Structure formats: structure tokens, C-alpha cells
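Number of protein chains: 4
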Amino acid sequence: MRAVWKTKPETGLELKEADVPTIRDDEVLVKVKATSICGTDRHIYNWDAWAQGRIGKNIPYIFGHEMAGEIVEIGKVVKGLAIGDHVSAETHISCSYCFQCKTGNEHICENVRILGVDTNGTFAEYVALPYRNAWKNDKQIPHWVATAQEPLGNAVHTVFDGEVAAKNVLITGDGPIGICAVALCKAAGAESVVMAGHNNLRLKMAREFGADHTLNSKNENIQKRVKEIYEKGADVFLEMSGSEEALNDGLALLRPGGRASILGVFKGNVTMDINRVVFGGFKVSGINGRKMFDTWYKAASFLRSGMVPLKKLVTHRFKLKDIEKGFAAVNRGEAVKVVLEP
Amino acid sequence: MRAVWKTKPETGLELKEADVPTIRDDEVLVKVKATSICGTDRHIYNWDAWAQGRIGKNIPYIFGHEMAGEIVEIGKVVKGLAIGDHVSAETHISCSYCFQCKTGNEHICENVRILGVDTNGTFAEYVALPYRNAWKNDKQIPHWVATAQEPLGNAVHTVFDGEVAAKNVLITGDGPIGICAVALCKAAGAESVVMAGHNNLRLKMAREFGADHTLNSKNENIQKRVKEIYEKGADVFLEMSGSEEALNDGLALLRPGGRASILGVFKGNVTMDINRVVFGGFKVSGINGRKMFDTWYKAASFLRSGMVPLKKLVTHRFKLKDIEKGFAAVNRGEAVKVVLEP
Amino acid sequence: MRAVWKTKPETGLELKEADVPTIRDDEVLVKVKATSICGTDRHIYNWDAWAQGRIGKNIPYIFGHEMAGEIVEIGKVVKGLAIGDHVSAETHISCSYCFQCKTGNEHICENVRILGVDTNGTFAEYVALPYRNAWKNDKQIPHWVATAQEPLGNAVHTVFDGEVAAKNVLITGDGPIGICAVALCKAAGAESVVMAGHNNLRLKMAREFGADHTLNSKNENIQKRVKEIYEKGADVFLEMSGSEEALNDGLALLRPGGRASILGVFKGNVTMDINRVVFGGFKVSGINGRKMFDTWYKAASFLRSGMVPLKKLVTHRFKLKDIEKGFAAVNRGEAVKVVLEP
Amino acid sequence: MRAVWKTKPETGLELKEADVPTIRDDEVLVKVKATSICGTDRHIYNWDAWAQGRIGKNIPYIFGHEMAGEIVEIGKVVKGLAIGDHVSAETHISCSYCFQCKTGNEHICENVRILGVDTNGTFAEYVALPYRNAWKNDKQIPHWVATAQEPLGNAVHTVFDGEVAAKNVLITGDGPIGICAVALCKAAGAESVVMAGHNNLRLKMAREFGADHTLNSKNENIQKRVKEIYEKGADVFLEMSGSEEALNDGLALLRPGGRASILGVFKGNVTMDINRVVFGGFKVSGINGRKMFDTWYKAASFLRSGMVPLKKLVTHRFKLKDIEKGFAAVNRGEAVKVVLEP
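Chains as they are written, first to last, in the numbering used here: chain A, 1 to 342; chain B, 1 to 342; chain C, 1 to 342; chain D, 1 to 342.
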């Protein structure tokens with residue numbers, strides 16, 4: 001089958017044939033109909049410090065993890081799935097037996113392996129998935145939209161980490177996750193959503209997804225502007241940028257008793273005013289992946305009801321063999337979500 | 001009446017007469033029977049940077065805020081209290097009308113004033129209190145013990161910020177609050193409590209309060225030692241020291257999905273590994289004061305049942321006029337809780 | 001001043017002059033601009049068994065409790081309010097010192113008195129209110145709309161007793177509270193809302209407020225119909241009718257792990273299948289009044305954002321002196337909310 | 001192998017040989033070292049109405065479900081377990097793919113099968129278990145104690161359905177679950193525990209497990225007595241008897257805002273004062289099984305720390321072939337927990 005490999009410890013990728021995977025008794029084989037480029041894939045493509053540390057020992061392997069496809073084969077102990085089902089992949093492959101897995105927190109499994117990072121991924125014609133990681137999609141949803149459910153899921157996990165109805169929300173980070181979060185907050189009754197980012201194309205999309213205000217940190221003073229909008233401070237702060245400055249802005253802008261849910265991944269240690277957290281009685285949560293599978297049920301509901309216009313997120317569609325064009329669009333900051341179809 | 005004043009912007013205090021306070025319609029007048037020295041008072045006495053910034057504009061005034069006494073006069077609209085009641089003071093004087101006050105979070109009132117910091121305090125023979133701040137004590141409890149309820153309350157607020165039964169707990173900070181937290185964790189079914197501190201006298205008391213292990217950060221590697229004790233990491237981390245190093249130790253030692261409740265006040269910004277919080281899906285809360293008055297009800301219950309031996313915390317008792325001896329004992333690190341009786 | 005009295009232990013009311021109330025130091029005097037008829041008032045007017053037992057000893061007195069008006073006088077210890085403020089009344093007058101009042105649950109104060117039931121009420125030109133019970137309204141909202149905030153508040157309390165985003169909701173009871181609940185569920189991201197009632201006028205309004213399906217229990221089998229709509233059962237059941245049959249329908253229709261929030265007041269004991277609750281692991285809550293004041297903040301937010309079209313709820317407006325016309329409309333089942341203006 | 005069968009639709013059992021089970025790829029084979037008699041087994045033995053309805057179609061089959069043993073064989077996709085591990089059985093065999101299973105609520109799986117009810121059980125020398133249902137025991141715990149973990153688990157699930165530290169608790173039902181609940185409440189910091197039951201032997205054991213007061217409903221007025229003990233009402237009510245009278249007593253005795261967690265299974269519909277729940281703002285939960293596996297982790301912790309003296313619960317130990325003696329002891333009300341060893 002056609003597949004996209006990371007073969008060398010340097011920028012780039014390689015298009016190369018691979019064997020169709022064989023499955024274990026608790027796995028399904030999925031024919032990939034659409035797969036999409038995530039920030040993680042960009043790290044791998046660009047071979048930055050994170051990729052070198054995390055992936056170095058795995059190459060050569062097939063990367064990619066956002067996906068929608070169709071089940072074509074099923075293992076012996078698989079339950080609740082059938083050949084022909086449309087599925088997407090939950091990318092956290094959990095061990096099933098650690099404390100987190102056995103207490104409803106598989107998303108932070110202590111032995112987790114990530115699809116397309118620790119295992120062969122979805123930039124290919126077929127992928128093998130543990131059956132518990134195959135999420136059955138509604139057949140009404142086109143594959144090229146369903147593949148974008150993973151960032152939607154991250155957004156669902158972050159937004160619904162606490163109450164959002166009737167709240168004033170500040171979101172920092174204008175990537176696909178942040179943009180989905182805007183729509184979710186509004187769909188769930190937030191009174192107001194302010195998004196701070198730095199890419200005008202994406203900020204425009206955030207407004208289309210319902211943001212009441214968008215601010216560009218390149219030319220606006222975020223703290224000053226948000227204080228004008230939310231005189232009493234934000235009730236909820238969703239950090240989705242991984243920027244130390246954004247983190248400190250958000251903590252400075254939160255009202256006493258406010259909630260900060262942090263999904264952004266940071267370059268390293270940050271310097272922050274922890275006394276704000278202490279005196280403010282803040283609730284700060286780290287957000288990793290998607291709750292398995294509460295998050296997916298919620299995401300599916302928002303897709304069915306049409307309250308989140310996920311389709312709009314997809315700015316580019318290419319053939320899988322033209323994946324280099326996709327990375328180019330992403331690297332130029334012109335794309336929100338790039339979908340590849342084998 | 002006799003009172004202890006902060007009159008000059010320098011180290012020290014002044015013993016001086018003051019008028020007995022007059023009360024408003026929603027206040028009570030309390031005859032102070034016992035008052036005690038808290039870390040805040042030490043800042044004020046020693047006139048450090050915090051005190052200079054926070055108190056500078058208030059002097060001259062009477063300081064002190066931990067207290068037990070008896071009501072001798074009652075305002076016209078006071079409800080639920082009577083002359084002769086034994087009371088202690090909740091030191092957060094809230095405004096009653098801000099968002100926090102109107103939603104069950106008076107302890108983080110946006111207009112809060114602190115007794116003995118922003119108002120005349122309890123190092124005196126009498127003090128005036130808004131009636132909502134007068135907590136009725138059980139008459140079985142001696143005043144010299146009841147005055148130490150405030151740090152117990154801080155500990156209750158922190159410990160019960162989440163589940164503790166059947167958990168492995170790490171506490172950093174061996175002050176009176178940390179020591180009370182040990183007893184509370186054990187009383188509430190924690191499987192194990194490790195305390196890390198730096199004062200052997202206090203660590204010994206922590207063991208008497210039930211700590212399974214105590215570690216002295218002056219001569220032990222906290223991360224290494226706790227990893228030996230809690231192979232899978234701590235379930236719960238209670239930060240009660242205000243030390244950046246302790247904060248980072250605790251975050252490094254928490255298991256995925258763990259809880260960090262931070263009560264310690266830090267010298268300024270801290271540098272920390274925020275990605276630990278994000279990837280670990282940690283729940284981090286800032287803890288300020290005591291929940292008004294859920295915390296006090298719980299503290300009272302633990303006093304009634306005898307599960308927290310608060311009395312032992314009091315290492316020194318002096319006459320109020322000998323308060324300088326108390327500060328000396330505190331400054332030498334020889335005291336846990338110093339009580340003053342007018 | 002003009003006022004509406006309950007003077008005799010029989011059906012009806014009496015229009016009669018009264019003295020303008022004098023206020024205590026912790027009260028405000030409000031000039032009533034609009035007041036409205038609630039189910040409780042109807043019990044009092046119709047002098048049913050409940051009214052006889054509850055009100056018998058209070059007559060003669062002025063009834064009514066839903067209100068919007070303007071502050072004209074202020075007591076000495078009142079904080080956060082000013083003459084000229086527009087306010088509505090929280091009708092639960094709490095004691096301020098019982099366990100519930102001191103732990104954020106004033107709405108279930110053990111010494112609660114109800115405005116217009118235990119005290120003189122709002123069917124009058126002026127009313128005296130404890131300042132903590134005067135909720136400041138946005139001046140943009142007309143008084144005749146603001147008076148209807150109380151049922152909106154009951155709905156807010158019930159709907160936000162748990163998660164509602166992405167949920168399938170069943171509401172039983174088509175009164176003003178149920179109708180508001182429909183709009184709130186949809187505003188907060190519920191996937192679907194089914195309302196079961198028995199009054200076609202009100203069910204029509206429920207559809208205007210966003211109900212996906214309305215069912216009339218007079219001519220439809222609720223259990224059969226809801227099972228067709230929610231194949232897996234409802235996630236959330238809001239009981240707002242006080243009907244034993246509705247309660248049992250709802251419990252029969254809830255999925256395992258579902259939430260039932262019960263606001264309806266029942267005629268007496270009910271016979272129910274408690275094993276459904278046990279085996280289903282249901283979460284059942286009783287809902288009384290409005291959270292003070294979390295509920296009011298949320299209601300205000302939904303009014304500001306326009307997500308709940310409260311104005312539409314008001315089907316009739318009369319002069320206070322024509323209050324009998326209002327009760328007639330209510331008793332004939334022709335009205336949703338009747339507003340009276342002095 | 002030796003096994004205890006239910007072969008006929010009538011009171012009794014049959015001791016008969018059976019084949020050692022063969023396992024699937026996701027199962028383990030366990031050599032049973034100890035198994036114990038639960039109330040469910042008694043229904044099956046006595047062939048009451050419940051057993052006739054629930055089990056009728058399954059006979060002949062092997063019953064029993066409380067167990068401790070050793071793994072002797074392992075399926076191909078099993079993870080986290082090894083031959084020689086000591087295990088007990090979680091008896092809810094969940095489907096793994098329904099909404100509840102995929103959102104952390106396997107204990108209320110909509111396709112659940114119960115070990116020893118819907119499948120061949122543990123009254124035998126060997127039993128086959130899905131690997132996710134095999135809970136690894138600490139090898140320090142004797143098998144004859146570990147088999148009693150299931151009722152301990154039910155108690156853990158019920159007690160920790162809400163806060164218990166510093167609370168006044170009422171438990172109705174003096175079976176093994178109720179008795180375990182007493183010890184758990186005390187271990188977790190409850191201020192006081194009152195148990196109401198009807199068997200003096202068991203009430204005596206409840207006192208040994210830490211009950212502050214025990215009441216025998218055969219000769220004491222529960223409502224009157226508990227009102228004397230808890231003047232303000234109970235904070236927490238744990239219903240573990242399945243008696244309508246006990247349920248109504250408990251609801252009558254709960255304070256406003258109190259918690260009722262109901263584990264008891266009732267004979268049919270009950271008549272209850274639902275308005276108590278509504279006006280009181282009660283939180284009522286149904287409790288089914290054990291949380292998988294949060295409950296088991298907590299139970300294991302309490303066993304390790306020795307805070308629950310589970311061993312004392314075992315009043316009788318017989319050889320499996322003498323199981324009739326065990327049922328006789330249970331039916332005479334002389335036993336708390338009867339353990340059988342193959």
C-alpha cells in the first residue's frame with residue numbers, strides 16, 4: 001500500500017510502499033479514506049527538537065494520526081464493531097491495566113502509546129487499530145470532515161473541563177483547537193468569547209465560529225484590551241497556544257475563583273506568578289488528549305446538531321501523494337486544517 | 001485597654017493603651033481571651049518587604065488576627081449570636097455584595113479586608129467583629145486552644161479541596177498548617193502521608209500528628225526519597241511552604257491525574273515545568289483562607305471528635321504584655337504556635 | 001398605598017389600602033413597578049388545602065412575591081445598593097446563621113421565610129426587602145419582563161444542576177418554569193429537548209422556546225413516544241409538573257447513569273419504582289428555589305445575551321387593581337405569565 | 001472439577017462434577033481458593049420470586065460469585081496479569097462498547113452479565129474470567145479474607161458517593177455491606193455513625209467496626225431515637241436494607257441539603273414522601289455494584305492500612321462440599337459472612 005514514511009533524522013518525509021498491516025485478535029483493520037495534518041505531524045516533518053527526542057528511535061516508520069475510514073477486517077475478540085463501519089481513531093493507545101486506565105482516565109495512561117508517533121500511523125492506505133480506539137462515526141459525515149474530529153475532541157475536553165454556560169471566556173491560541181473551542185463555548189451558552197491569537201486568517205475564522213472579540217497579540221496589548229471587555233475579569237481561561245506570555249496574560253485576566261484549563265504544550269519551563277493562582281483560588285487543570293470516550297460522545301453530538309461547523313475548518317484538500325503541498329501550506333501559515341485523501 | 005501596636009515602619013512593636021472599640025449595628029464586641037502569632041504577624045513584626053508594601057499606609061494600628069474570646073456586646077441587626085458566646089474570628093472580612101460573596105466564595109471576596117492587617121486586630125483586650133465573622137466555639141474547648149483554629153482551618157480547606165481517603169499524600173511545609181494537615185489526612189483515611197520540611201522540631205511534631213514519613217530537605221533529596229516511598233507517585237500534593245523548590249518537587253512527584261492544592265505564598269514569580277501539569281492532566285488549585293464557613297464546620301467536627309490534637313500545636317503561652325518573647329521564640333524557630341493571653 | 005390582601009380564609013382577595021412599610025437597618029424599600037402571578041399565588045387565591053395549612057395563621061396579610069421595581073430608601077448597614085437601582089426580589093429570606101446559610105446553601109435555610117407567604121409581599125405599591133434579597137437588574141430590561149425572572153431562576157437552578165451540553169433532555173411540566181427550561185437547555189447546547197405537558201397553548205410556546213418535540217399527555221403515551229425519540233433513554237430528566245405519573249414516566253425513560261432533577265411539588269406521597277434509581281445508578285436531586293445567587297447571575301447572563309426570550313412568556317399585562325382578571329386568566333389555563341403594574 | 005449447581009427450579013442446590021472451563025483469548029482461568037455466600041446466592045438457593053424470574057432460564061448452571069483464587073492460565077490478548085497472581089472477581093461482566101462502558105461507568109453497562117447469575121460462577125474449583133474482571137490481590141491477604149472484598153466494595157462505592165469526613169452518618173441495614181460501611185465511615189473521618197438494623201449479632205459487630213450508636217428497629221423507634229442523637233438531622237444517609245420503612249426513616253431524618261445513597265434493593269415499588277427530597281434539596285443516588293475499578297483501589301487501600309477489619313466479618317468457614325451448612329447458617333441469621341474453601 002502507499003504510505004508516508006519518516007525515514008531519516010532530518011526535515012522531510014518519504015513516499016514509499018508498505019505492507020498492509022496484519023491485525024491482532026483485539027484489533028480492526030481500517031481502510032483510510034481521509035487523514036489530516038496536525039501540529040504533531042509538523043514537528044515530525046520539520047524534525048525539530050521535540051521530534052528528535054521523541055521519534056528518533058522509531059524511524060523508519062509511518063506517521064500521521066488524524067483519520068477517518070472504513071473497517072475492512074475484524075479481530076476475534078472485537079466487540080461492538082462490524083466490517084463496513086465508518087470510524088475515526090482515538091490516538092491514545094492505552095494499556096488497559098494501569099491505575100489511570102482502570103479508573104476512567106485512559107487518556108493519561110501511564111503506558112500510553114500514541115498512534116503515528118509510537119506506532120505506524122494513518123498517512124497510509126490502511127491502518128491497524130485496537131478496537132477500543134476505533135470510534136464509530138455517523139455515516140452522514142463525510143470522511144474528509146470526520147478526520148478533523150481529533151482537534152474538535154481536544155477542544156471539547158478543554159471547554160467542558162468546567163462550566164461554560166453564562167460565562168465570559170478567554171481563549172489564547174488560534175489553531176484549529178482554539179477555533180473549535182470558540183464554537184463549542186458559544187453552543188454551550190457562554191455569554192462571551194474573546195480569542196487572542198496572532199494569525200489574521202485564523203482570527204477571521206474564529207469570528208465565523210462565533211467569537212465575540214478577536215485580538216491579535218502582534219499588534220494589540222492583550223491584558224489592556226481584555227480588561228476593557230471583561231471589567232471583572234474572565235470567568236474561564238482556555239490556554240491553547242503553548243506561549244508563556246499567553247499563559248501569564250490569562251492568569252492575570254482571570255477573576256477570583258476562575259478556571260484555567262491548559263491544553264497548550266510549552267517549549268520548556270515557564271516563569272509565572274503562582275501567587276495569582278493561590279490568592280485567586282484558581283482552579284487550573286492540565287488537559288491531555290480526549291476523555292475516552294466522553295469527549296467523543298460530546299463531539300459527535302455537536303456534529304449531529306450542526307452547532308460546530310467543522311467542515312469550515314478544512315481549508316485544503318490534497319491527494320495523499322501530494323502531502324508535501326499540505327505541509328507547505330501549513331508551514332506558510334495559510335492553512336487551518338489540511339486533509340489528505342489516499 | 002492594653003493593645004499591641006505597629007507604630008513605626010521598622011522592626012518591632014509597641015505596647016500602648018487604646019480605646020475599647022465601638023461597634024456598628026452588624027458587629028459584635030469580643031473580649032479577647034487568647035490570641036496567637038501567625039506567619040503574617042511575623043512579617044509585620046519583622047517589617048519585611050511584604051509588610052512594607054501591604055501595611056505601610058495603615059500604621060499606626062493594632063495587629064494580630066488569631067483569636068478566641070467571649071462576646072460582651074451585640075449590634076442591633078446581629079442574628080444567631082448572644083452575649084457570653086465563645087467565639088473565634090474568621091479573618092476575611094468580606095463585602096457581602098461582590099460576585100464571590102454572592103456565590104458562596106466569600107473567602108476570595110474581591111473587596112476583602114483582613115482583620116489585623118487592614119483593620120485593628122486581636123493583639124488587644126477587645127476587638128470589634130462583623131457578626132458574620134464571629135464563629136461560635138464549643139465551650140468545652142479552652143480559649144488557648146481555640147485560637148489555633150485558624151491554621152487548622154487553612155489545613156482543612158487545603159486537605160478537603162479533593163478526595164483524601166485511600167490516597168498517598170505528600171505535604172511540603174512543616175509549619176502549623178502543614179502539621180494540622182497531616183492529622184487531617186490521617187483522620188480522613190489517607191493511606192499514607194509524607195511530610196517534607198526543614199525543621200526537625202516540627203517534623204517530630206508531624207510524626208506525632210500521624211505522618212508516616214518525614215523528610216528534611218536540608219539533608220535529604222526529596223524527589224529521590226519520595227519516589228522510593230511512592231513508587232507510582234503521590235495521589236495528592238499539598239504545598240504549604242511557599243518554596244519554589246518544594247513546588248517543583250511536588251509536581252515532579254505527582255502521578256498522572258493527581259491533585260495539587262497550593263496554599264503556600266511565594267516570594268515572587270516561580271519557574272516551573274508547566275508541561276508536567278498539562279501532560280499529567282493535573283488538577284491544581286490555589287487555596288486562600290478558609291471556606292466561609294464549610295471549613296469551620298469541618299474544623300469544629302475534628303476538634304469535637306479529638307481526631308486532630310490541636311492542643312499539642314501550642315508550644316508556648318505568654319501574657320500579652322510579653323509578646324516580644326513570643327516573637328523571639330518564633331524567630332528562633334523554636335516554636336510551633338505561640339499563644340498570648342491578655 | 002394600594003395593596004392586595006388575603007383577609008379571609010376563603011377563595012379570593014381584597015384590594016385595600018396599607019401603610020408604606022418602614023425598613024430596618026439592613027433593608028431597602030422598593031417601589032414596585034411590576035409584579036406577577038405565580039402558582040403559589042394561585043394556591044393562596046383559590047384557598048386550597050396547601051394554602052389553608054401554610055397561610056392560615058398569617059392572614060390578614062399582603063401576598064405576591066414576583067417583582068421588579070426601584071429602590072427608594074436604604075437602611076444604614078446596607079452595602080452594594082443605591083437609591084434608584086432597579087431590583088427584583090429573591091423570595092427566600094434566609095436567617096444568615098444556620099448551617100445551610102453559612103455553607104452557601106441559603107436557598108434551603110432551615111429558618112427560611114418566604115416573601116408574600118410568611119411576610120407582606122409584592123402585590124402592593126411598595127415592599128421592604130432585606131438588602132441581600134434585592135437583586136440588581138440591568139436597567140435595559142423593562143420591569144414587566146424583569147418580574148418574570150423568578151421562574152426563569154427556578155429553571156436555571158434545575159437545568160444547571162448538572163451537565164446539559166450534548167445531552168438528550170426530557171422535561172415534564174409545561175408551566176412557565178418548564179418553558180424557560182426548554183430555552184435554557186437549548187442555549188446551553190442540549191442536543192435535543194422533549195417536553196411533555198397537557199396544555200396545547202403552553203406546548204406551542206415551548207416549541208417557540210426551542211423544544212424539538214412536545215407531547216401532550218392527555219392524548220399521547222409519553223413512555224412509548226419518548227422511547228421512539230430517545231432510543232437509548234434520556235440523559236437528563238427535569239420534573240417540573242408535580243405529577244406522580246410524570247415522575248414515574250421520567251424515571252422509566254432515563255438511561256443508566258442518568259440525572260433526574262425534581263422541582264415539581266407533589267400532592268403528597270408518591271409510589272415509585274425506587275429500584276430503577278438503584279440499578280440505574282441515577283443521580284436524583286431535589287430543587288428548591290434558586291441558588292443565592294449563582295442562579296441569578298446565570299439568569300442575568302441569559303437575559304443579557306437574549307438566549308432566553310423571557311418577554312414572550314408574558315401573555316397578559318393588567319393594572320394591579322385588575323388583579324382578579326389575572327387570576328381568572330390563570331385559572332382558565334389561558335395564561336402563561338400574568339404581569340400586574342401598580 | 002467439583003462444582004455447586006442450581007439444577008432444578010426449587011429450593012436447594014446440587015453438588016456435581018463439571019468440566020474445567022476453557023478460556024477465550026481475553027480471559028484468565030482461576031483456581032478458586034475461597035468463595036463466599038452473598039445475599040444473591042441465598043435468593044438463588046431459596047428460589048424466591050426474584051430468582052425464579054432472573055435465573056429460571058439459565059439452569060442448570062454453576063452459581064456463586066464472591067471469590068479469591070490464583071491464575072493458572074492466561075489468554076493471548078490478556079495484559080497486566082500473570083500466572084500465579086492472586087485475584088478476586090469483579091462480578092459485573094461489562095460489554096466494553098456501550099455508552100456507560102465507554103464513559104467510565106462499566107458498573108452500569110447496559111449489556112452487563114453477572115458472574116454466577118448469567119454465567120457459570122465461583123462455587124467450583126475453577127472459574128473463567130474476562131481479564132478485565134480479575135482484580136489482582138495483595139498476596140499478604142489470605143484468600144478466605146480476600147473473597148469478602150465484594151461487599152466491602154459495595155460499601156466503598158456507597159460511602160464514597162459523596163463527602164463523609166466530619167459528617168454525621170445514618171446507615172440502615174446491618175448486613176455485611178452495612179457493617180463494612182461503618183468501618184469505612186469512621187476510617188474516613190465521619191464524626192459519628194448510627195446504624196439501624198434488626199439483628200443483634202450483626203449490630204454487635206457494627207459496634208466492633210466502630211458504630212457510635214446501633215439501634216434495633218424491632219424494638220426502637222428509629223426516627224425518634226435518631227432525632228435525639230442528631231438534633232439537626234443526619235448529613236449522610238446510606239440505605240443498605242431494601243426496606244421501605246428504612247428508606248422513609250432515612251429521608252425523614254436527613255438535614256436540608258443532605259445526601260442519600262441507596263444501595264438496598266427493594267421488593268417492588270415504594271411509597272415515599274418525595275416532597276422531602278424536593279424541599280430539602282437532597283442529593284439521592286442509586287448505587288449499583290462497584291466502580292470499575294476506583295472502588296477496588298480504595299478497598300485495597302483500606303485492607304492494606306488495616307482500617308477495615310474485614311477478617312472479622314467472616315463468621316463461618318466450611319469446605320465447599322459442606323456448602324449446605326453455610327446456607328443453613330445464613331438462613332438462621334447466625335452468620336455474617338460464610339466462606340467456602342474447595
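Read the hints as simulated data drawn from the structure, not as lab findings.
It cannot be assumed that every hint is accurate.
All copies of an identical chain are treated as equivalent in the list; a pair is satisfied when it fits inside any one copy or across any two copies.
Stated by the list, open to error - With a Cα cut of at most 27 Å, we get these calculated DSSO-like pairs of lysine-lysine:
#1 76 - 319
#2 31 - 319
#3 136 - 79
#4 136 - 31
Note that the structure is a prediction, hence the values are computed from the model and not measured.
Hints and how they fare:
no.	hint	verdict
1	76 - 319	neither (33 Å within a copy, 39 Å between copies)
2	31 - 319	within (15 Å within a copy, 56 Å between copies)
3	136 - 79	both (12 Å within a copy, 24 Å between copies)
4	136 - 31	within (14 Å within a copy, 38 Å between copies)
Hint violations for this structure: number 1 only, all remaining hints satisfied.
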